[in-house]
Amino acid sequence: MGSQLALKSRIHSTESLAKIFNAQEMIASSHIAKARDVALNAKPYTDAIFDAVQALVAHTHITHPIAVRDEHNPRVAVLALTSDRGMAGPYTSSIIRETEMLLARLEADGKQPELFVYGRRGSTYYKYRNRDIAATWEGDTDQPGVEIAETISNTLMDAYMKPADKGGVSELYIVYTEFINMVVQKVRVLRMLPVEIVENETPDRAPESEIPVDDVTPLYAFEPSLDEVLDAILPKYIQSRIHECLLTAAASETASRQNAMHTATDNARSLIDDLTRQLNASRQASITQELTEIIGSADALNKEEE
Amino acid sequence: MAESAKTTMKVNIVAADHPVWHGEATSVTIPAYEGGMGILPDHEPVLTVIKSGTVTVVEPDNDRHMFEVTDGFIAFDSNKLTVAVERGRDVKYSTTEEQ
Numbered sequence: 001m002g003s004q005l006a007l008k009s010r011i012h013s014t015e016s017l018a019k020i021f022n023a024q025e026m027i028a029s030s031h032i033a034k035a036r037d038v039a040l041n042a043k044p045y046t047d048a049i050f051d052a053v054q055a056l057v058a059h060t061h062i063t064h065p066i067a068v069r070d071e072h073n074p075r076v077a078v079l080a081l082t083s084d085r086g087m088a089g090p091y092t093s094s095i096i097r098e099t100e101m102l103l104a105r106l107e108a109d110g111k112q113p114e115l116f117v118y119g120r121r122g123s124t125y126y127k128y129r130n131r132d133i134a135a136t137w138e139g140d141t142d143q144p145g146v147e148i149a150e151t152i153s154n155t156l157m158d159a160y161m162k163p164a165d166k167g168g169v170s171e172l173y174i175v176y177t178e179f180i181n182m183v184v185q186k187v188r189v190l191r192m193l194p195v196e197i198v199e200n201e202t203p204d205r206a207p208e209s210e211i212p213v214d215d216v217t218p219l220y221a222f223e224p225s226l227d228e229v230l231d232a233i234l235p236k237y238i239q240s241r242i243h244e245c246l247l248t249a250a251a252s253e254t255a256s257r258q259n260a261m262h263t264a265t266d267n268a269r270s271l272i273d274d275l276t277r278q279l280n281a282s283r284q285a286s287i288t289q290e291l292t293e294i295i296g297s298a299d300a301l302n303k304e305e306e
Numbered sequence: 001m002a003e004s005a006k007t008t009m010k011v012n013i014v015a016a017d018h019p020v021w022h023g024e025a026t027s028v029t030i031p032a033y034e035g036g037m038g039i040l041p042d043h044e045p046v047l048t049v050i051k052s053g054t055v056t057v058v059e060p061d062n063d064r065h066m067f068e069v070t071d072g073f074i075a076f077d078s079n080k081l082t083v084a085v086e087r088g089r090d091v092k093y094s095t096t097e098e099q
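Respectively, the protein sequence lines represent chains Y and S.
Residues 1 to 306 in the UniProt record's numbering are what the first sequence spells out, letter by letter.
Residues 1 to 99 in the UniProt record's numbering are what the second sequence spells out, letter by letter.
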């Protein structure tokens, strides 16, 4: 029977798909552990920079360009963190949706957004639609290293530090996915520049217990000078914040991929069950039909003999 | 070492993607902005920019520990030294006997 053959081949192909999904799921879950290690390894540095910036803020009223917005420049930069590969469920599409909403909002406010994209899926999406993209980066979205964070932050810092009449931007927004847990990841829009350094901006990264909480921050000496220290540390702070965003986005991507692949595996299995039932039913139907035909023709023969 | 407190300080060297080393030290030399800078326990709180070079840590038992670092900064407060650099690696470890 043709339909039986067709069903068999569909079952077969679904089975091999299920194997692929299952393998992808297992790869993703092994990457999660790695992503967590990378994030943990980067944390001491992030904490050190954060403490240093806190110390700087405690001392001075920062008037560095990084902390002060240029009100007269309508150009703003938007960085969207998407993934390189698909099969990650709604990961990239929700980033793109949020980015579009942000762009529309910024345009409504009379600003001119410039788009920066990290991740192949995002950049092909915008290139296919012939949208203007200021810069794109690809590669290693599931395990971003310091190098890529450095490249991205250098480009963005250049754009930010350039004077307005030479195409500089006055603000930087990052659209990324925050990793809350294995099941929940949230798309967030973060205004990275100009820096808003609020004392308790991220309470979870407060200094370690070595420094008593009620202790006054020690009076630092800055060498060679406060301005030069600011010049050196603020770009590093930005870079480490960007790296942090990349890492949390990578963890979200992996988790999202694992979830998507888990659902896909389950779906493929239930599809196989359904198809097997259909195959059995169709085989049974053909057997019944054959039997009916045999019995019918035997009856007919018997009648003729009578 | 039977000396009073504050002859050693806590040192924590971190690179952007991994912690490099942490422990106790009696003195640390860093490649500061204007040449080498030695830091002893109970130094005044300082935050300074460093160039790429070598950080030398002298441990309480006089072992010397060298680290190659790129540019970054150091912060010293509450007898705790934090060296934060882009990239850093352990290059040489020599014990007292070898010197």
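I should point out that these hints are in silico values taken from the structure, not numbers from a laboratory.
One or more of the hints may lead you astray.
Using 27 Å as the maximum straight-line C-alpha spacing, the simulated DSS-like pairs for lysine-lysine come out as follows [said to hold, decoys possible]:
#, chain 1, residue 1, chain 2, residue 2
1, Y, Lys186, Y, Lys127
2, Y, Lys162, S, Lys51
3, S, Lys10, S, Lys80
4, Y, Lys8, Y, Lys19
5, Y, Lys111, Y, Lys186
6, S, Lys10, Y, Lys43
7, Y, Lys127, Y, Lys111
8, Y, Lys8, S, Lys10
9, S, Lys92, Y, Lys43
10, S, Lys51, S, Lys80
11, Y, Lys111, Y, Lys162
12, S, Lys51, S, Lys10
13, S, Lys51, Y, Lys43
14, S, Lys80, S, Lys92
15, Y, Lys43, Y, Lys111
These figures come from a predicted structure and were not determined experimentally.
Hint by hint, here is what the structure shows:
1. Only pairs whose Cα atoms come within 27 Å are accepted, and Lys186 (chain Y) paired with Lys127 (chain Y) is accepted, the gap being roughly 25 Å.
2. Under the criterion of a C-alpha separation no larger than 27 Å, the hint pairing Lys162 (chain Y) with Lys51 (chain S) is consistent with the structure, at around 25 Å.
3. The hinted pair formed by Lys10 (chain S) and Lys80 (chain S) meets the criterion: a straight-line CA distance of about 5 Å does not exceed 27 Å.
4. The suggested pairing of Lys8 (chain Y) with Lys19 (chain Y) holds, with an alpha-carbon distance near 17 Å, which does not exceed 27 Å.
5. In summary, the hint linking Lys111 (chain Y) to Lys186 (chain Y) is supported, as the alpha carbons are separated by about 26 Å, within the 27 Å threshold.
6. Taking the CA atoms of Lys10 (chain S) and Lys43 (chain Y), the gap is about 18 Å. The hint holds against a cut of 27 Å.
7. A C-alpha spacing of about 22 Å is found between Lys127 (chain Y) and Lys111 (chain Y), which places the hinted pair at or below 27 Å, so the restraint holds.
8. Pair hint Lys8 (chain Y) plus Lys10 (chain S) does not hold up; C-alpha atoms about 69 Å apart against a cutoff of 27 Å.
9. Simply put, Lys92 (chain S) and Lys43 (chain Y) have alpha-carbon atoms about 25 Å apart, close enough for the 27 Å limit, and the pair holds.
10. In summary, the hint linking Lys51 (chain S) to Lys80 (chain S) is supported, as the alpha carbons are separated by about 20 Å, within the 27 Å threshold.
11. As the CA atoms of Lys111 (chain Y) and Lys162 (chain Y) are separated by approximately 17 Å, the hinted pair is consistent with the 27 Å bound.
12. With a C-alpha separation of about 22 Å, the suggested pairing of Lys51 (chain S) with Lys10 (chain S) holds against the 27 Å cut-off.
13. Proposed proximity of Lys51 (chain S) and Lys43 (chain Y) is supported: the alpha carbons are some 22 Å apart, at most 27 Å.
14. Distance restraint check for Lys80 (chain S) and Lys92 (chain S): the Cα-Cα separation of roughly 23 Å lies within the 27 Å cut-off, and the hinted pair is therefore satisfied.
15. Between Lys43 (chain Y) and Lys111 (chain Y) the alpha-carbon distance is near 35 Å, which puts this suggested pair outside the 27 Å criterion.
Checked against the numbered hints listed earlier, the structure breaks hints 8, 15; every other hint is satisfied.
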